[in-house]
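Chemist: Chain residues, written in single-letter form:
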Amino acid sequence: MSAVRQAREVTAFAPLAVRDLVHCYEGSNVLTGLNLTVLQGSVLGLIGRNGAGKSTLIRAMLGLLQPLSGMASVFGEPALKLSDRTKERLAYVPQQPEALAWLTAQQMLDYVGRFYPRWDQSFATKTLERWQIQPNKLLAKLSPGERQRVDLIRALASQPELLVLDEPAAALDPVARRELLREIALRAGESGTTVLFSTHIVSDLERVASEVAFLHQGKLLMQCTVDETKERYGRLWLPGPIGYAAPTQSLSRRRHDDGSLSLVVERDAQGRWPEAASLPGARVDALGLEDLFVEIAE
Amino acid sequence: MNLPLALLAPWRFNLAGLRWFALGLVVLEVFGVAGWACFMHTTSWWVGSAAIAGVFEAMLWNSVFSYMVLPAIDAHQLRLPGMQRGLFVGWAFYGVLSLLLPAIGIGLWVGKVAVIAVFVGLFCLAGLLWALLPRYLGMVVYAPFYAAAVHARFVLSLGHSGFLIWALPLALLLLLLAMVRVHRLVVASEPFVSGRHGPPVLRIGRGIGGAFAAGGGRYGSRAIAARPDWMQARASLRDCGPGHPVASLRLALGGSLMPTSVVGWLHRKMAMLAIIFAFCGFMLWQILGRASQGAPTIDRHTSQLLVLSMFGGFVSASMVFNCGIELLQRWRKSSAELPMLALLPGLRSGGFDVKRQLLWAILLPPLRIQLVLMAVLLALATSLHVDTSIKLYVLASQATAIVALVAYTLLITGGQTATAGRWANLGIGLFWGVLLTFPVFVSGLDLHLANPAMTRLTVLFDAGWILLIVILAWLGRRGWHGLQQRPHPFLPS
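If you're matching them up, the sequences are chains C and G in order. Per my numbering, the very first residue in the first sequence carries number 751; after that it's consecutive. Per my numbering, the very first residue in the second sequence carries number -1; after that it's consecutive.
Chain G with its partners taken away, still in its complex shape (with noise of 0.2 Å):
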C-alpha cells in the first residue's frame, strides 16, 4: 500500500455515511471553536475552543478513525504486511493532523502550542481508547479529564502551568495502552469472539455490513460457548408458554431480555455494576471534595445533580446500545429465532397481534428502567432547586435515551437495519458527546451558575438534546411504518 492509498484508507474502508459524519464533526468542530472564540470575550477563550475541538477530535477518533482496526486485522489474517504497514502509517498520519491543526489554529494565537496538543491528544486517545476497551472499562479512560475538570483538589486545569506535568506522561501513558490494545485485537486469533468484553469498535463494526452481521453468528453462540459454565446466565421459563406471549418472546430473544434468575441476572451484570459504582463512587469523591474548599451551595448541588445525570445517562445509554446490538444480531440472521418464532404458534394474545406484543417484549423492560431513572433525576433536581435550564439538561438527556431506544427497536422490527446500522454511529457519537462533555465544560471551565456564559452554555447543550430527539423520533417513525407494512415482524432484513 503507497502512501496515497494509505491516507485515503480510513474513508475507503469505512461506510458513506461515516465520511458524511466525518466531515460534519470536522464542520461542526471549525465552527465551534471558531465561534467560541469570537463569542467568548475573555482572556481564556483558548480554554473553550481548545475543549471544543478537543470534544469533537474524540468522537471523530471514537467513531471514524477507529474502525480502522478492522482491515488491520483483516490485513493480519490475510497475511498483508504492506496493508497492514499502510494502515498504521495512515493512522499516525491523521493523528498528527489531529494535534497539529487546534494546536496551530488556536495554540498559535496565545502562545501555547504544546499545551493545545496535548489536551486535544488526550481526548484523541480518549475516543480511540473508547472504542477498543471493552465497553465497561471505556468509561474509566474518560476519568482523568473528570478528575482535571473537577480541580477543586488537584490543580489540574489547562490554564494551569502545571498541565503538561501531568498531561504528557498520561498521554504517553494512554498512547501505550492504545498501541498495545491495538496490537493484541490485530494478533488475536479470533478477535470477534469476545462476548462482552469485546470492544465496541468490533461489536459495532463496520455498521450493517461488518461486524454487526457478524456478531449474529460470532456473539451468539460461539460466545456462548466461550464462556465458562459459572457465568452462564440460565434461563427461566417460568411464565413461559402460549398465554404468556410476551415472556415467551423474551426467551427467545435472549440476551438481556431473557428472563432469568436474581442470581443469573447478578451474573451477568456484576462487572458493569462495579465499574459504574466505582466510577460514580470516584466522582462524588471529587464533588464532595471540592465542596469541603468552599464553593457555593448551588454550584454543589448542580455539579451532583450533573453526575447523577451521567450515571443515569451511562445506564439508559448502555441498555440502548445493547438492546439495538442484540436486536440487530436477531434480526440479521435467517436461521436461528427468526424463523422459529415466525412459525411458533400462540404469540396471540387478548386480541393484541405478534407485532404489538413484540414490542411490549423488548421495551418494556428497558423503558421501566429508564422512567424509573428519569422520575428519580427529576425528584433530585426539583428537591435540589437546581436552575430550569440544568433540570432540562438532565431530563432532555434521559428523554434522549428513551426516544433512542424506541427508535432503534421500531427500525430493526421494521426491517430498516441498515437504517439503523447507518445511524447507530451518529446517534452513539452524539449522545456521549453531548452527555459527558456539558459537565466537563461546567467543571472545568470554572462555568459558575452567576456565569452568563453558563446560561448560554446550557442553552446551547438543551438544543443539542432537542436536535437528537428530533433525528431519533422521525428515525422512529420510518420503523414504525416498515413495522406496519410487514407482514410478520420475523423477517430478517
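Here chain C stands alone, though its shape is the one from the complex (with noise of 0.2 Å):
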C-alpha cells in the first residue's frame, strides 16, 4: 500500500476530519476554506482569539450546523448524518451548557445514561460527589461552572472515543480547571480517547494537548506538536533598512514606529530560517506558546 493511499485512509476513517469548510453569518466569513484532521489518540488544542470560528468549526465537524460548502466527517461519516453507532462513540461538550435545565443533575445524568451502552453510572454518581455538586438540585439552579461540570461528567461517563471541549475550562475555577485537565490527559494516555478542545488559555493547552491548531479570522494558519511550536517557529527582527529583504511568507508582519520589522517566520523543509535571518543586524528570537498566540493574533 503506497504512502499516500495510506494517509488518504488514516484521514477517510480519523474521527474527525474537514476539507474546504466554509461558513458565515449575515454575509461576514466564518471559515474560509479550511482543512483539518484530527487524528486518533490525538489532543488538539485548537485556539484562537474571540470571534476566530472556534465554536462554529467544532459546531460544524460534529454536524450541529450546516456549512455552506465543504465536507465534515466524525469516524468517516458525514458529520450531518451520523449513525447511531458513531454518535455513542462521541461526547461533546458546549461552551455554555444550557440543555435540559428543568431536570435535577441526577435526572439528566440518569435520562442521557440510558441512550449510551457504554455509561458509567459509578463514575457519574462519584464524581457528582466528588465535585461537590447537589444531585437533586434543578440545573437552572446551579451557577454556570457547576453546571458546566455537570455537562463534562455526562460527556466522560459515556466512555467515549473522541471528546469535543467547547472551551471547557471558561467557567471553571483553577482546582476544577486541574481536575479536568487531568481528566482529560488520563482518557487520552490510559484509553487512548481522541480529544479536541478550544481555548485561549495557552498554558491549559501546553499542559495536556499534543497537537495544536491556530485559527484566525476563519482560517487554520498553523498545526503541529506543541512541542513543535517552539522549534519551528521565531519572530525575525528586521532594522529598518533592510526591511526590503522581508520574507513573503510570514504568519504576521508588524512594523515598528523606528521603522524596523517584526515577522513570524517558520523554517522550511530542511530546518533554515528565511533567508533574511542570516543578514546583518537580522535577529531571530525563540517563541514560547503564548508569544507566538499574541504574536499572530495581534
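Note that these hints are calculated values from the structure, not bench results. Please note that a few of the clues may not be correct.
Simulated crosslink set (SDA-like; lysine to any residue; CA at most 20 Å straight-line) [to be verified]: (1) C:Lys891 with G:Trp228; (2) G:Lys353 with G:Leu365; (3) C:Lys891 with G:Ile222; (4) C:Lys831 with G:Gly413; (5) C:Lys831 with C:Gln846; (6) C:Lys887 with G:Gly253; (7) G:Lys353 with C:Arg868; (8) C:Lys831 with G:Gly344; (9) C:Lys887 with G:Pro257; (10) C:Lys831 with G:Arg484; (11) C:Lys980 with C:Arg928; (12) C:Lys887 with G:Gln75; (13) C:Lys876 with C:Asp860; (14) C:Lys831 with C:Met821; (15) G:Lys353 with G:Pro343; (16) C:Lys831 with G:Arg346; (17) C:Lys887 with G:Pro226; (18) C:Lys980 with C:Trp1023; (19) C:Lys876 with C:Lys887.
Estimated spans, in silico, between C-beta atoms of each pair [what the hints assert, rightly or not]: (20) G:Gln483 with C:Leu1029: 44 to 50 Å; (21) C:Gln967 with G:Leu98: 32 to 38 Å; (22) C:Ser819 with G:Gln75: 25 to 31 Å; (23) C:Tyr775 with G:Ala373: 46 to 52 Å; (24) C:Gly1021 with G:Glu188: 58 to 64 Å; (25) C:Glu1040 with G:Arg366: 55 to 61 Å; (26) C:Ile951 with G:Glu188: 28 to 34 Å; (27) C:Gly777 with G:Asn0: 28 to 34 Å; (28) C:Pro885 with G:Trp18: 50 to 56 Å; (29) G:Gln483 with C:Pro997: 45 to 51 Å; (30) G:Trp18 with C:Gly801: 30 to 36 Å; (31) C:Gly826 with G:Gln75: 47 to 53 Å; (32) G:Arg77 with C:Lys876: 32 to 38 Å.
All C-beta atoms in this analysis are idealised placements derived from N, C-alpha and C, irrespective of residue type, glycine included.
Mind docking these for me? Both chains are given alone in their own frames, and the hints should help you get the complex.
Modeler: Listed below in C-alpha cells is the structure:
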C-alpha cells in the first residue's frame, strides 16, 4: 500500500476531519476554506481569539450546523448524517451548557445515560459527589461552573472514543480546571481517547495538548505538535534599512515606529530560517506558545 | 428625540412585516367601516361601523403599538430619558389619532363623537393591555366588552344613553392600568425574566430578532431558576430511553411537552385553569341571565355555543402560542438542547426517522386535546340544532388552531424560524380578532338568527377562518419542505 493511499485512509476514517469548509454569518465569513484532521489518539488544542471561529468550526465538524460548503466527517461518516453507532462513540460539551435546565443533575445523567451502552454510572455518581454538586438540584439553579461540570460528567461517563470540548475551562475555577485537565490527560493516555478542545488559555494547552491548531479570522494558520511550535516558529526582527529583504511568506508582520520590522517566520523543510535571517543586523528570537499566539493574533 | 422622530418611532422600531401588517389593518378598517355603513341600511349602522373600527384599532394596539414598550425598556436601561420621553410622546400621538379619526369619521354623521371616541378608546386599551398583562389576565380585559355585549342584565349597549356613564370611568381605569403596567415594565430591573407571568409583548418581542431570541436564554434557565421549588413541575423519566424516542424527545424539549406527574401538571396549569373557568362561569351567567329574560331558545343555544367555542378557541390558541414560543426558544439556541439531541443515539425507532418521531413528540399531545375539543363542540352544535353557518364557524375556529399548530411546528423545525416569527403576530392577531369579535357582534349588536344581517355576518366570519386556514396551510407547506431538506431536524436557525 502506498504511503499516499495509507495517509488518505487515515484521514478518511479519522475521528474528525473537515475539508474546504466555508461558513458565514450574516454575510461575513467565519470559516474560509478550512482543512483540518484530528487523528486517532491525539489531543488537539484549538486556539484562537474570541470570534476567530472556533465554536463554529467545532459545531460544523460535529454536524451541528450546516456549512455553506465543504465536507465534515466523524469516524468516516458525514457529520450531518451520523449513525447511532458513531454517536455512541463521541461526546461533546458546548461552551455554555444550557440543556435540560428543567431536570435535576441526577435526572439529567439518568436520562442521558440510558442512551449510551457503555455508560459508567459509578463514575457519574462518584464524580458528582467529588465535585460537590447536589444531585437533586435543578440544573437551572446551578452556577455556570457547576453546570459545566455536570455536562463534563455527562460527556465523560459515556466513555467516548472522541471527546470534543468547546472552551471547557471557561467557567471553571482553577481547582476544577486542573481536575478537568488531569481527567483529559488520563483518558487520552490510558484509553486512547481522541480529544479536541478549544481554548484561549495557553497554559491549558501546554499542559495536555499533543497538537495545536491556530485559528485566526476563519483560517487555520498552523497545525503542529506543541513541542514543534517552539522549534519551528520564531520572531524575525529586521532593522529598517534591510526591511526590504523581509520574506513574503510569514504568519504575521508588524512595522515598528523606528522603521524596523517584526515577522513570525517558519523554518523550511530543511530546518532553515528564511534567508533574511542571515543578513547583518537581523535577529531570530525563539517564541513560547503564548508569545507566538500573541504575535500572530495581534 | 425630536417630534418627527418620536412620530416615526413605532414604525422604525418594528419589523418591516409588522409595518405592512399595520398598513393592512388600517386599510381593512377603513373599508370595513365604510362597507358596513353602506351595507347596513338601518339607523343603527354606526354601531357596527364603530365596532369594526374598535376591533381593528384593538389589533393595531395589540400587535404594533404595544411593542413600543421594548425600546422604552431599552431607553430606560441605557439611561436615555430623552428617547424615553420621545417614545411616550409618539404613543400619546397615535393614541389620540386612534380615537379622533373614528370619532370624526363615524361620530360626526350621527352626532356621537364622544361616544365613539370612548368606545374605540376602550378597544385600543383592551388591545394594549392584552399585550402588556400576563396572557392569562389578558382574557379578563375583554370581560367588560362581553358584559357590554350581553346587555340583558346590564343595559350597556353603545346606543343607550347611559353608555358614557359607565364607559368613560372604565376607559380611564384601563388607561391608568396601562400606564402603571408600562411604568412597571420599563423600570423593572429584569423585565424579561418573568416566565409565564411575562406579558405577550415581552414573550414575543420584536419578532425573530428580539425577545424571541432572548426568550431562549432569559426564559429558559433563568425563569426556572427564579421560580420557587414548590412551583416546579417535576419531570417524569418513566418511559424515556432508546426504545421510546417520542417520550424521550418530549422530555428533552421540556416546557409544556415535558412528561410530568398529574401533580406537576396541575402545578403548571392552575393559574391558567382558574382564570379560564372564572371567565367561562361569568359568561355563562350572563347568557343564562339573558335566557331568563325571554330570549328565543335558538338564540340562547347559539350564544351558549359561542361561549363554549370561545373557551375552546382560547384553550387551542394557548396551546399553539405556548408550543410556538417554546419551539422557537429551542431552535434559536445553538448550545442548549439541539446539540444534545443531534448527538444523542437511539432516537430512531420502528423504522421511523428522527424527523417523524420529533413531529409526533411535538404535535401529538396538543393535537389530542384540540381534536377532543373539536369533537365536543361538534357534538354540542349538533345537539343544540344551531344554524349550519354557526356550526361551521365553531368548527373552523378549532380547525384553524389545529392547522396553526402544525404549520408553526413545521416552520420552526424546518429551519424557518424567521418566517414563523414574522407571521406569528399576524396569525395571533387574526385568530383572536375573528374568534372574539364574532360573539361581540352577535350579542352586542342585537343580531338574531332571524335577522338576515346575522347570516351575512356569519358567512363573512366563516370566510375569515377559511382564509386564515389557507394562509397557515401555505406556511406549513413551506415548513415541511424546509424540514425535508434538512439533514437532521436539530440544526438551529
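Chemist: Hints first: check each against the structure and report whether it holds.
Modeler: For each hint, the structure was consulted:
1. C:Lys891 with G:Trp228: Holds, at about 14 Å.
2. G:Lys353 with G:Leu365: holds, 17 Å
3. C:Lys891 with G:Ile222: holds, 8 Å
4. C:Lys831 with G:Gly413: holds, 17 Å
5. C:Lys831 with C:Gln846: violated, 24 Å
6. C:Lys887 with G:Gly253: holds, 18 Å
7. G:Lys353 with C:Arg868: Given that 20 Å is the threshold and the Cα spacing comes to 26 Å, the pair is violated.
8. C:Lys831 with G:Gly344: Distance of about 14 Å is within 20 Å: holds.
9. C:Lys887 with G:Pro257: Satisfied, since the Cα-Cα distance of roughly 19 Å is no more than 20 Å.
10. C:Lys831 with G:Arg484: holds, 10 Å
11. C:Lys980 with C:Arg928: violated, 24 Å
12. C:Lys887 with G:Gln75: violated, 32 Å
13. C:Lys876 with C:Asp860: Status holds; Cα separation ~14 Å.
14. C:Lys831 with C:Met821: The hint holds at about 12 Å.
15. G:Lys353 with G:Pro343: This hinted pair holds, its Cα atoms lying about 14 Å apart.
16. C:Lys831 with G:Arg346: holds, 13 Å
17. C:Lys887 with G:Pro226: holds, 12 Å
18. C:Lys980 with C:Trp1023: holds, 13 Å
19. C:Lys876 with C:Lys887: holds, 16 Å
20. G:Gln483 with C:Leu1029: 44 to 50 Å: The hint (44 to 50 Å, Cβ to Cβ) is violated, given that Gln483 (chain G) and Leu1029 (chain C) are roughly 58 Å apart.
21. C:Gln967 with G:Leu98: 32 to 38 Å: violated, 56 Å
22. C:Ser819 with G:Gln75: 25 to 31 Å: At roughly 41 Å between Cβ atoms, Gln75 (chain G) and Ser819 (chain C) fall outside 25 to 31 Å, so the hint is violated.
23. C:Tyr775 with G:Ala373: 46 to 52 Å: holds, 47 Å
24. C:Gly1021 with G:Glu188: 58 to 64 Å: Since the Cβ atoms of Gly1021 (chain C) and Glu188 (chain G) sit about 59 Å apart, the hinted range of 58 to 64 Å holds.
25. C:Glu1040 with G:Arg366: 55 to 61 Å: holds, 59 Å
26. C:Ile951 with G:Glu188: 28 to 34 Å: About 31 Å separates the Cβ atoms of Ile951 (chain C) and Glu188 (chain G), which means 28 to 34 Å holds.
27. C:Gly777 with G:Asn0: 28 to 34 Å: holds, 33 Å
28. C:Pro885 with G:Trp18: 50 to 56 Å: holds, 52 Å
29. G:Gln483 with C:Pro997: 45 to 51 Å: Cβ of Gln483 (chain G) to Cβ of Pro997 (chain C): about 47 Å, so the range 45 to 51 Å holds.
30. G:Trp18 with C:Gly801: 30 to 36 Å: holds, 35 Å
31. C:Gly826 with G:Gln75: 47 to 53 Å: holds, 50 Å
32. G:Arg77 with C:Lys876: 32 to 38 Å: violated, 50 Å
Hint violations for this structure: numbers 5, 7, 11, 12, 20, 21, 22 and 32, all remaining hints satisfied.
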